[in-house]
Amino acid sequence: MTTDHIPEPSPSSILIVDGDIISRHVIADYLRHCAYAVVEAANTDEAFVALREPTLTIDVILCDVSALGSRNGFELASWVRSNRPELEVRLAAGAEVAAQTAAELCESGPHLARPYEPEAVVDYIKRLRASRLS
Amino acid sequence: MSPSPKSPGGQDFAALRKCILVVEDEFLIRFMLSDELRDAGYQVIEACDATEAVSVLKTVQPDLIISDVRMPGPLDGMGLLALVRETTPALPVIIISGHLHPAQALIEGATQFVAKPYLMEAVVDAVQKVLGKTL
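Going down the list, the sequences are from chains A and B.
Going left to right, the first sequence walks through residues 1 to 134 as my numbering numbers them.
Going left to right, the second sequence walks through residues 1 to 135 as my numbering numbers them.
Hint data in this document are derived by calculation from the structure and do not stem from the laboratory.
Be aware that a few hints might be false.
Quick look at which bits of chain A chain B covers, simulated, 3 or more residues with Cβ under 8 Å [unchecked claim]:
1. 34–46
2. 49–58
3. 99–107
The model shown is predicted, which means the values in this text are computed figures rather than measured ones.
The C-beta atom is built at its ideal place from N, Cα and C for all residues, glycine as well.
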């Protein structure tokens, strides 16, 4: 009998839930750069639509804890753990944590590498936010 | 699009693809339309309503806006169009609606009009008419 290790398939589809369009877009693009299929939700209500949509495949949820909607990020994570335990949920508080999490996901995803450091992503988000405020 | 991070190989994050801001409050429609446009080779920013779109426009200059008309919030698609015509008159806007008469959208400054319900190919065709076939 063979004992060859069969690696688990790497996740390939990520649902991002973030109410800040700048952060959501930049992190989503970073993950697309890592060959993930990315679904963007602006709030938890949209996330539930995505999770209930049979044509959408989702392996991982990256959710900002302060995401708005009829349920907050913690409640979404709790619902997923109870109802869709096969999904991995990563909660992030702020762009720095989200970018770091995205970089980690890149290393376990289709390309098994991060295209560049998460600090560059955070710097980019900060520059965009600064130009929005000026 | 604003300057973006470089990969270690020096490749631009957003590359040089043309950037489209999609403004649509119906989540699945926005997802499918954005996905289709990315498959066609465009960089896409997804906004869930006109307020998010205005927030983006303070930061980046897309090459094109595609906007639904009826959306929740203080600003609808025609309000967004009026704002864009005031601030960046040369920025092309494609209006998508199932209620509005095409002539009204064009009179108020839309570059193209696509009636709902639509085939995704119809939107990509309209985009290519506005931006040209070169990505």
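Here is what the structure says about each hint:
1. 34–46: holds (count 6)
2. 49–58: As far as the stretch 49–58 of chain A goes, the hint holds, because 4 residues have Cβ atoms under 8 Å from chain B.
3. 99–107: violated (count 0)
Checked against the numbered hints listed earlier, the structure breaks hint 3 alone; every other hint is satisfied.
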